[in-house]
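Chains as they are written, first to last, in this note's numbering: chain A, 15 to 567; chain B, 15 to 567.
It is possible that part of the hints are untrue.
The list cannot tell twin chains apart, which means a pair is met if one copy fits it or any two copies do.
To be verified - The calculated lysine-lysine pairs, modelled on PhoX-like cross-linking and capped at a C-alpha distance of 20 Å, are: (1) 195 / 293; (2) 243 / 267; (3) 423 / 243; (4) 555 / 473; (5) 267 / 311; (6) 311 / 243; (7) 358 / 473; (8) 281 / 293; (9) 126 / 139.
Hints listed in this document are in silico derivations from the structure and should not be mistaken for laboratory results.
There are 2 protein chains.
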Amino acid sequence: MNQPKDGEELIFVPLGGAGEIGMNLNLYGYGTEAHRQWIMVDLGVMFGDDDTPGIDIIMPDPGFIEERRHQLLAIVLTHAHEDHIGAVAHLWPRLRVPVYATPFTAALVRGKLEEQGLLDEVPLKIVPLGGELQLGPFSLEFIDVTHSIPEPNCIAIRTPLGVVLHTGDWKIDPQPLVGRKTNIDALRKLGEEGVLAAICDSTNVFVPGRSGSEGEVATRLEAVIAMCKGRVAVTAFASNVARLQSIVRAGAKLGRHVALVGRSMHKITAAAIETGYLKDLPAFINEEAAMTLPPGKVLYVCTGSQGEPRAALARIASGEHPTVTLGPGDTVIFSSRVIPGNEKTIHALHNDLSQRGVEVISAEDHDVHVSGHPARDELADMYAWLRPRVAVPVHGEIRHLSEHVRLAKSLQVPQALLAPNGSIVRLAPGPATIVDEAPHGRLHLDGIILTQGDDSSTKERRAISHAGHIAVTVILDERGRALLDPVVIAAGVPQEAVDSARSAAAEAISRLERRRLDDDRPIIEEVRRAVRRAVQDAWGKRALVHVEVARAG
Amino acid sequence: MNQPKDGEELIFVPLGGAGEIGMNLNLYGYGTEAHRQWIMVDLGVMFGDDDTPGIDIIMPDPGFIEERRHQLLAIVLTHAHEDHIGAVAHLWPRLRVPVYATPFTAALVRGKLEEQGLLDEVPLKIVPLGGELQLGPFSLEFIDVTHSIPEPNCIAIRTPLGVVLHTGDWKIDPQPLVGRKTNIDALRKLGEEGVLAAICDSTNVFVPGRSGSEGEVATRLEAVIAMCKGRVAVTAFASNVARLQSIVRAGAKLGRHVALVGRSMHKITAAAIETGYLKDLPAFINEEAAMTLPPGKVLYVCTGSQGEPRAALARIASGEHPTVTLGPGDTVIFSSRVIPGNEKTIHALHNDLSQRGVEVISAEDHDVHVSGHPARDELADMYAWLRPRVAVPVHGEIRHLSEHVRLAKSLQVPQALLAPNGSIVRLAPGPATIVDEAPHGRLHLDGIILTQGDDSSTKERRAISHAGHIAVTVILDERGRALLDPVVIAAGVPQEAVDSARSAAAEAISRLERRRLDDDRPIIEEVRRAVRRAVQDAWGKRALVHVEVARAG
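Please model the entire structure based on the sequences and the hints provided.
Structure (structure tokens):
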């Protein structure tokens, strides 16, 4: 490793993921302020919810690095989950740098680039498992780790000012079933070499003990399926290829033929098979063939564990699926966790299935799932191996990062830093310090338009979802007198309140006619105020009222 | 007990609570079809969520019994939780029958009636604890039970056709701290007398083991508070008077003065003190006095454990509370469960507190809460005491009721019936059977208007929250030609889509001008179609478009 030069600094900037579990975007910078070079680790999305009505996809605002994109060397991806790769196809056109990933991750990114018509433009470069990569002043080493998807990687980033370990998403699974085990030797060796900073996953910092193993889940799933008599459908995250393999093997052992149901199941298995996973498995049968088999001979593996309304399981539960029907005697197994925020949707799905007489088994009552993230004892192991000088927790809400800081300190890490999104952290030289704040925020994919996260149309939608919208058009003649009654158009407002609005608008106009009506502004203000007051009286709520004036002649 | 006469039947009809945890409304009917008399047990609300934007309170539609209100003898309340009493003040004017409750419940109902100006009208009658009551053919006995509020009651309903036990909400708490213990003797005796049907709480049917005791929580809370150095705020459900007492006692023992923060804390403690609870406690101090004490001498008890935005804790977390400020070194203890659906809101509150450096302790990581509902072993006890001929689970979603049916069968109850809201269940004579369906549904309190749950304005609000609203006013002259450009007013739609809508509306009008424009309908249709298409092209979403035509002359 070269010696650092005067004025050179090692910088870390999280633009996403240090404030939420989702939409990761991490920047590492090296050099003097005038000559700094950057790499980006991960570029993910998260999904909208009821706080962002009408928004499906949210991603970090890359503005800070977009302004410096001539200093950006590459995007490096740790693994193929959406919260780490989902924004690549949306934001690459603003960055235009090479993208590095291991084979399975690259296969899934390629699919996304193809959908966006970007495949020929993006230099997508494959790094072998355990591979190394030199990017300007950064020497990268990919270190095998385990997680709930094939090919998760920790990335060791060596610089003249020290070594950073960016963990990505990880756990310690002694029996991952698919792919390699955590390369504990490499992590220990790194610790002996001396680690400046560990930038580490905080998702399960509140969970005591260990996360458990895919091997244990495989055994338990087989035991649960063995007790079932009718049709069985298991729903799991499609990207958990090890889980999928366990389900298929259990099915084969119990004399059940396995059919995949749902688009992303097919997409992920194709990528897995293409990159050498899921070998030596019995062939899948298709949904139509499954229909003709006796119930005890069928095992479906479905998308939709989070209650997604268009996914396979929701359509099965509502009786709208074209080929799969479940009823009394059949069982659905949720081999998945409940992502916070999805509780009600998932329980509604349980209710729909129960209503049909289907028995529902989930991780709430049977141990048919393990998390892909490290629980506290695993975090303790990682810090013991690495012995970093500084811990900078990422991949968590503020509550997770705060708790992770407390945990790291309790584990004798000399310094632990709460660095939320936008923090410009100088990792070296000197103690790690937040030296400045980078502009940061969220972009919303609203339909096909990429908007600033706090844009006015999302805010308006939130407002009108509570108290409706009333649009009033005032039509005046050339002398500024009412030519017609005002036109009142409402959405989401009860009829009695709309009637009141209409009368109030008409009355306001006739009051106004006694004054000069050259200027639109006082008309708009007066009508709006009158309508709002009338609606409030009739309904007890404050609708969003828009008034426009149209003048003839 | 009298002998039943020919043609007499005992009927059970749940109109609320057998399909959701919340808004309980249970009807018991006795007599021949021509001469039937009814009693109502509980009349509660539930709270709106993101599925019902703009709706705070939801209650069962009482239409079925409203039509028969001359046959309704009384409303009987089991306990004072909102999901059992919250709709009394809203729906009593439609029913106009006496209301029976034990003293603490009556005190809280009285407060609600006062707020609605109904106090002088409603015959509110107090039943002593363990009291009896004759209502037409029904002989009622109130049986002490334990729950998370003072004075919960099981109600034994004796009729000529048999005895029903309506459990209400209950658990078996060997150390309830406030109020009496579960009257196990009375329940056993009832079992010996012979129970026809048990209508039983299903809330925690998925929870193995036992719910635990308020006594244990008191010990653990004291241990947790003893470890805290700075200010401590505990948030709990205001109605859990035993919990409140435990917090106050722990504070006193540890040298902390206790201040109540939040309106409902004051309301409930007043009712509790009025009815003889919370005696022998050290006096509360007020919030202002607490400010002047050293941090280690203060203990706040706050409302807002569910993240309610206007409650005390949310205002403390956002730094907007007028008297209470928390920061580094201080601790907030959530001595409460997370009501499903509130996860994100509560976690946002944890994040706000963590951001201020406040340590957050919750039932997720410390045992500082127990549920008020029976876990599986307690349900097994109840069925062993009662040995009913039929189990009809209530107080649950369909998934809870289904599992409760399975559990009851496994406990050798001869018959267990899934009877969702609206089921008209003939309990006797003969085996319990659903003989018909009663009209049932939900009423929404929308602002100050009580609407049908599925009314069009709520549906419209849900639609516009996703894709916005566009109101187009077409202004024609007396000959049916455009007098002015169409006026386009939008809410929740990005500007580029509004611009497209405006052009599309104008173009549609000029196309239409070439045809006869006497009739508004084709104009409205054509403009709407053009605007929707333009918005879809520009935005990728289908806005709600309303068009009106105004004609001059």
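Hint by hint, work out which the structure violates, then give me just those numbers in ascending order.
Nothing - there is no hint that the structure violates, so all of them hold.
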